[in-house]
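K.L.:
Take a look at the letters that make up each chain.
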Amino acid sequence: MSQVKIKHEMPLQDAGERIKNFTEVALGYNEETAVAEANRCLNCKKPKCMEGCPVEVPIPEFISLIKEGDFKGAINKIKTKNSLPAVCGRVCPQESQCEKHCIVGIKGEPVGIGRLERYAADYELQHGGAKPGQKQQSTGKKVAVVGSGPAGLTAAGDLAKMGHQVTVFEALHVAGGVLMYGIPEFRLPKDIVQTEIEKIKELGVEIKTNYVIGQLDSVDELLEEGYDAVFIGTGAGLPYFMNIPGENLNGVYSANEFLTRTNLMKAYQFPNYVTPVKAGERVAVIGAGNVAMDSARTALRLGAKESYIVYRRSEKEMPARREEIEHAEEEGVKFALLTSPTEFNGDENGNLTSMTCIKYELGEPDASGRCRPVPIEGSQYEMKVDNVVLALGQGPNPLVPRTTEGLELTKRGNIAANEETGATNKPGVFAGGDIVTGAATVILAMGAGKKAARAIDDYLNNK
Amino acid sequence: MYKIVRKEDFSSVTKLFEVEAPKIAAKGKAGQFFILRVDEKGERIPLTIADYNPEAGTITTIFQEVGRTSKDLGKLEAGDYLVDVVGPLGESTEIENYGRVICVGGGVGVAPIYPIAKALKEAGNEVISIIGARNKELLFWEEKMASVSDKLIVCTDDGSYGQKGFVTDAVKQVADEMEINKLWAIGPMPMMRAMAATTKPLGIETIVSLNPIMVDGTGMCGACRVSVGGETKFACVDGPEFDGHQVDFDLAMRRLAYYKDEEKRAEAATTCGCGGGCGCHK
Ligand SMILES: Cc1cc2nc3c(=O)[nH]c(=O)nc-3n(C[C@H](O)[C@H](O)[C@H](O)COP(=O)(O)OP(=O)(O)OC[C@H]3O[C@@H](n4cnc5c(N)ncnc54)[C@H](O)[C@@H]3O)c2cc1C
Ligand SMILES: Cc1cc2nc3c(=O)[nH]c(=O)nc-3n(C[C@H](O)[C@H](O)[C@H](O)COP(=O)(O)OP(=O)(O)OC[C@H]3O[C@@H](n4cnc5c(N)ncnc54)[C@H](O)[C@@H]3O)c2cc1C
Ligand code: SF4
Ligand code: SF4
Ligand code: FES
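So the protein lines, in turn, are chains A and B. The working numbering applies: residue 19 is where the first sequence begins, and numbers increase by one. The working numbering applies: residue 1056 is where the second sequence begins, and numbers increase by one.
Keep in mind that a hint or two might mislead.
As the list claims (entries may be wrong) - Below, simulated DMTMM-like cross-link-like pairs (lysine to aspartate or glutamate); rule was C-alpha separation at most 20 angstroms, straight line: (1) B:K1126 - B:E1260; (2) B:K1082 - B:E1151; (3) A:K284 - B:E1151; (4) A:K284 - B:D1094; (5) B:K1078 - A:E299; (6) B:K1315 - A:E243.
To be verified - Per label pair, the in silico range of CB-to-CB distance: (7) A:S114 - B:D1305: 43 to 49 angstroms; (8) B:A1111 - A:E423: 29 to 35 angstroms; (9) B:E1192 - A:A33: 55 to 61 angstroms; (10) B:D1305 - A:L380: 49 to 55 angstroms; (11) A:D209 - B:K1199: 27 to 33 angstroms; (12) A:E423 - B:A1081: 17 to 23 angstroms; (13) A:K481 - B:A1081: 24 to 30 angstroms; (14) A:T157 - B:A1081: 27 to 33 angstroms; (15) B:D1316 - A:I121: 54 to 60 angstroms; (16) A:Q155 - B:A1081: 31 to 37 angstroms; (17) B:K1319 - A:K23: 36 to 42 angstroms; (18) B:V1138 - A:D209: 14 to 20 angstroms; (19) B:G1154 - A:D209: 55 to 61 angstroms; (20) A:K352 - B:A1323: 32 to 38 angstroms.
Stated by the list, open to error - So, partial list: chain A residues that the calculated Cβ filter (under 10 angstroms) puts toward chain B: (21) F40; (22) T41; (23) A44; (24) L45; (25) A189; (26) L256; (27) S272; (28) T360; (29) N363.
Derived by calculation from the structure, the hints in this document are not laboratory data. Yeah, the Cβ is synthetic: ideal placement off N, Cα and C, and Gly gets one too.
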């Protein structure tokens, strides 16, 4: 069969239409396209693609099943390794994970592994029928998992399959972490996240929401109360600010607040849902990562006429996924590059009215190899804005580190944990995901949860 | 789901709930708060834990109906359930034997000041409590406050009960007569600002409990940021108690007013019965 050089296109909601709603942008393959895309896979004996998947999805095997039209078989195959396939198929940065290594990618575009994973997962969501994961006999051991983001959920699901009794403690009123409060509905529908979480519960995992570890119980208390091991997956939830004048004016949001109000609290359905959020006529988002793109696109959907990405480096350095930048551009997000605010200005009521910006030029490369932005003297100008969203990254939330006696931290306040096992310096305490690595990706957090589950299983068997 | 086991109406707008939350009742301390949601579409709102009953496994809170969510809350009765209760949140009050202290509660601030006065009393302090309200109708927990205080002064703005005048006047009187080692003041922002302004020249260390708008209450969103001594702090994890002489009250008060228009719309949305879907409140 002759090789099709490009990936089958993902059908999208029209840009003009989609900025008026919060429903999903990428619509997913139909059966025909899925099979055709699957047929691009060479079913390699030594599948390179798998080297790029932190949770070891058996890629050629599940794709072969799609080729045969056995979609239930495909999803069951994926689920042996990945407990959140509908999530990963949507938000994994496949271009730098599995698809980066795909052999077909050398001469053309790689196989659309993520899109196929999504197809199989969505097929199950619509038709049901996947087997619940295989569970081993109960070991009688209890494990506490702190945080229900992708790291915690993966660790919990895997540990339950190994026969341990798992309780997840989550601070918010719903499970899912950033999948629920951060990543917008139009990229990752919340129903889908919840359905996948239900499947993890079916494995016997108990999830206790509204339970803040460090306040209700400390990690040490969990160990004293009879948990044999603890996994900490509390994420990178502490928003960074710029420490420039005017930052506390009304109208200056952290991306976490802006997105949490919109996604978790569903402020886009205000006043039917009671939590408000504001996006005036002109919104500026500071930063150019995934979080910034999500914020800028959310602002448009909330009714902003103009939504800007303001970034102090150039287009080349923007850390967001290419696809996200393109989607933002299609939707009309504007880019003010080599620009950064130096001050926020407000009126007598303390409401934001404008920001003073300065232009930058790129200088010599710095230690990271990226060109250092240098401010251009005298280039200040004023930009009128109603709302600003700061998307400058997040640090580790200190609640758990602060209250866990003797837990070793890194210089930046992350938990120091072994990369392969998640083991911390405290016996029986493991950690993984953003709380260890700093803000990273869903799939890396899941990979860390998986490795830690294995290490915890070893630890419990030898205890 | 968290059951409301007891409701008390103190006035047409001030209500008490005792809510089942055994773990919080066992762990929480003076100065801490919790966040609740009334129902699935509800906002997360913070309320102080005014009393703990570890034996019964309950916490008590007293709130004032000021807008949509607190009014929705006020419609619930004993036997009803709240969908979410999370706590205890925030740092607890630093309780030590300071010597002679004053605890001031203004309006609904009497509720959060009670557990602090109680803990200070148990730690061996001489506790002088001063509670105030606009009028007699709005006063509550006088006896309870008296039970944890060496001396209790009650003020009403209109003189309808106790001594006429503001709590700040009462503090000045007391401080004139004796040495005060530390003071806590909780109430509406303007009252706390006035208190800080009163005690500063008197050199009395003053702790206030700030009530900024919050969302998560775990340090994740930054909505609750306040400026203290020129530094930005997150009230939900660094507070809610701060040195009153260092707080930028103007900023805090302006931030509280940010959603005024939306708050009106949220309240209006309950009146036509459509729940907000009909678009008539835009
Ligand atoms: C807006 C946004 C968009 C993103 N887009 C992408 C994307 O497209 N692709 C991608 O791969 N990655 C993306 N990411 C990054 C990705 O979401 C994170 O790397 C990932 O969620 C980290 O997982 P985690 O399990 O470590 O932590 P989190 O998802 O942060 O979950 C941690 C959980 O722990 C809870 N918690 C914290 N403290 C406590 C405590 N003391 N007690 C109990 N519970 C606690 C939190 O409430 C939270 O639910 C995005 C992130 C954001 C913010
Ligand atoms: C730590 C803390 C402890 C508190 N303790 C008490 C208490 O013991 N008793 C009591 O009556 N009140 C207390 N409050 C205030 C209470 O949270 C607000 O009155 C309530 O949220 C108002 O909501 P609403 O929808 O009824 O009114 P709205 O109409 O929404 O607002 C009325 C005013 O309340 C404030 N407010 C609105 N939303 C929030 C929010 N999500 N978080 C905080 N403030 C908000 C705003 O200033 C607003 O102008 C406390 C607040 C904090 C931060
Ligand atoms: S989980 Fe992510 S990295 Fe792994 S195969 Fe699926 S899309 Fe690729
Ligand atoms: S490397 Fe590419 S072609 Fe080979 S098995 Fe993996 S997805 Fe298929
Ligand atoms: S309420 Fe979100 S950080 Fe304090």
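K.L.:
Hint by hint, say whether it matches the structure.
P.N.:
Verification of the supplied hints:
no.	hint	verdict
1	B:K1126 - B:E1260	violated (36 angstroms)
2	B:K1082 - B:E1151	holds (19 angstroms)
3	A:K284 - B:E1151	violated (43 angstroms)
4	A:K284 - B:D1094	holds (13 angstroms)
5	B:K1078 - A:E299	violated (45 angstroms)
6	B:K1315 - A:E243	violated (46 angstroms)
7	A:S114 - B:D1305: 43 to 49 angstroms	holds (47 angstroms)
8	B:A1111 - A:E423: 29 to 35 angstroms	holds (31 angstroms)
9	B:E1192 - A:A33: 55 to 61 angstroms	holds (58 angstroms)
10	B:D1305 - A:L380: 49 to 55 angstroms	violated (40 angstroms)
11	A:D209 - B:K1199: 27 to 33 angstroms	violated (47 angstroms)
12	A:E423 - B:A1081: 17 to 23 angstroms	holds (20 angstroms)
13	A:K481 - B:A1081: 24 to 30 angstroms	holds (29 angstroms)
14	A:T157 - B:A1081: 27 to 33 angstroms	holds (30 angstroms)
15	B:D1316 - A:I121: 54 to 60 angstroms	holds (58 angstroms)
16	A:Q155 - B:A1081: 31 to 37 angstroms	holds (35 angstroms)
17	B:K1319 - A:K23: 36 to 42 angstroms	violated (58 angstroms)
18	B:V1138 - A:D209: 14 to 20 angstroms	holds (18 angstroms)
19	B:G1154 - A:D209: 55 to 61 angstroms	holds (58 angstroms)
20	A:K352 - B:A1323: 32 to 38 angstroms	holds (35 angstroms)
21	F40	violated (16 angstroms)
22	T41	violated (17 angstroms)
23	A44	violated (27 angstroms)
24	L45	violated (26 angstroms)
25	A189	holds (5 angstroms)
26	L256	holds (6 angstroms)
27	S272	holds (4 angstroms)
28	T360	violated (17 angstroms)
29	N363	violated (14 angstroms)
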